[in-house]
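So the protein sequences, as listed, match chains A and B.
Each step along the first sequence adds one to the number in this note's numbering, with nothing skipped, and position 239 is 736.
Each step along the second sequence adds one to the number in this note's numbering, with nothing skipped, and position 85 is 313.
Note that these hints are calculated values from the structure, not bench results.
Think of the CB as a built atom: it goes at the ideal place given N, C-alpha and C, for glycine as much as any other residue.
Just so you know, not all the hints are guaranteed correct.
What the hints assert, rightly or not - A few chain B residues that face chain A, going by a derived Cβ cut-off under 10 Å, partial list only:
#1 Phe253
#2 Met381
#3 Val390
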Amino acid sequence: MTDLDEEAATSLDAGTVASLSGAAMTAGQHLTGTGGDALTVDGISVRLAGREVLRDIHFTVRAGEFVGLIGSNGAGKTTLLRVILGLQQPSAGVVRIDGADRPRHAPAVGYVPQKVLLDPDMPLRARDLVGLGLDGNRLGIPLPTRRRRQLIDEMLRAVGAGLFGDERVGNLSGGEQQRVLIAHALISRPRLLLLDEPLANLDIRSEQEIVELLARVAREQQISVLLSAHEMNPLLPVMDRIVYLAAGRAASGTTDEVVRTEVLSKLYGQHVDVIHVHGRILVVAGRGDGPAEPVGEDGAHCAVPDWL
Amino acid sequence: MFSGFMVNTWTVATIVAVVAGVVGFFIVLRGSSFVADAVPQGAFAGAAGASLIGVSTLVGLGVFALIGALGIGWLGRRSRQDVATALALVVMLGLGALFLSLSVEYAPEIYSLLFGEVLGVSTSEVAPVAAIGAVCVAAIIVMYRPLMLSSVMPELGEARGVRSHRMEMCFLVVVALATSMSLPVVGALLIFSLMVGPPAAARSFTSKPLLAMALSVVIALATVWAAIAASYTSNWPVGFFVGALGAVSYGTGRGWAAWHRTRAARGNARPLAV
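Here chain A stands alone, though its shape is the one from the complex:
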């Protein structure tokens, strides 16, 4: 993490100016092995139905780092995660995982997709879903070995899901399902964990617990975490770095480097104010001294308190 500052500064420039640092990143691919970059996103652009959804995105995630991918709804967070997973073909740029060009469906990547409503009657227990994370891509019926059961039990306990391993997945609460999905993603021992809006629709306590769980996983198991969210405040205590996505472009670096009036104004292409209130950060749009307007659709992200 010693050269983190330099790295951060580079990608910050790249993000705001949206062009630089290609050379720096290309040099970076040779620095593989432990302690190197778990993930390099190098000049990724994506066009969907003729519209440019992402433009020249650069950033890196180092081993064991917790990185927040922040942006409002429709900023392209899911698209970017799908590119990293290899499910979406970029129109330009490359993704490297552990320094290597992304192999198809790398087992080194765990994925927790955006939450969907699961059928509560579905005959599938939490432990079955975790088991599918272990060997769900293999053919045949899973053989109930003691080893398999132990692995699943350990994983369920590790994410605090030990109590409801035998319950139907569809019957669990949002936070409980999120824990089970995290266990599903972690049981194959990935080096990189991607999570798409895992905090959406969670109550405040569940939100905190999931964030703490992920931070602990990243720290203790040296797994890099890239988590997308439209709200950065719950992540502030644990985030090593932030990738801020707006208008199809990204700025990355530490929170202090990126979430600043100058950087975000450039990114959004309009003036925004970054306001610190009691350790929370508000990003509000407006014209200089004029009345402030929320930036995204998300109220919590941009809401301006009455007294401001």
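Position chain B relative to chain A; hints supplied.
Below, chain B without anything else, positioned relative to chain A:
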């Protein structure tokens, strides 16, 4: 009831029930009940066409079931699956109407294709039904884990290299095969109830996936056997009993689940952990 030609009936009906229980488990899990309704009804038109041009009914069934299933999968890739299914269904039913209008002396056979002819299974039909049934069950066992993953959450499967569209196509082919082998026995209108009723009932009784699949086979077997016995003694159509018993087993399952829930709620419920 158990002698002579009835031996074939029992054998074929047993095979049909096992296949319907296994394949139906995934039909219900994937929410594809409408497909399970459309494929056999479309295949019925194939049977009508086959007998019009003098080919074996089983061939007509197989061809139309496959075309229908693959058409649904292909169209459903880019648009809503229910719309694709409905369109495939009406096109095939339209062809069926045409084929029927071209032939006149055909009523009893059509009736049996629609509602089943369990009591008149010939020895020559047993072998092909057994072969196709074995293929269907083997295919589901081989595909079990990736099919489960992509049925529960397609994104999870995709992330692990399980192409959900490929899974869908493979599964539809199995549905088409299962349909064409069961249709002459239980009829186009009623395979649907056999493929949906027992698995839907089974999932109320257990949360374990493999046990639910096994239970679905057991309920399908019980349904079919009871239906044949009742039909044999009462002379009412087998289809009536299959449909009625399917609904009864589903109702029983829901009732059991509801009773279980209230009992669990009264006992000390697990504290909600986040």
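Quick check: which numbered hints come out false for this structure? When the structure is compared with the hints, none of them turns out to be violated.
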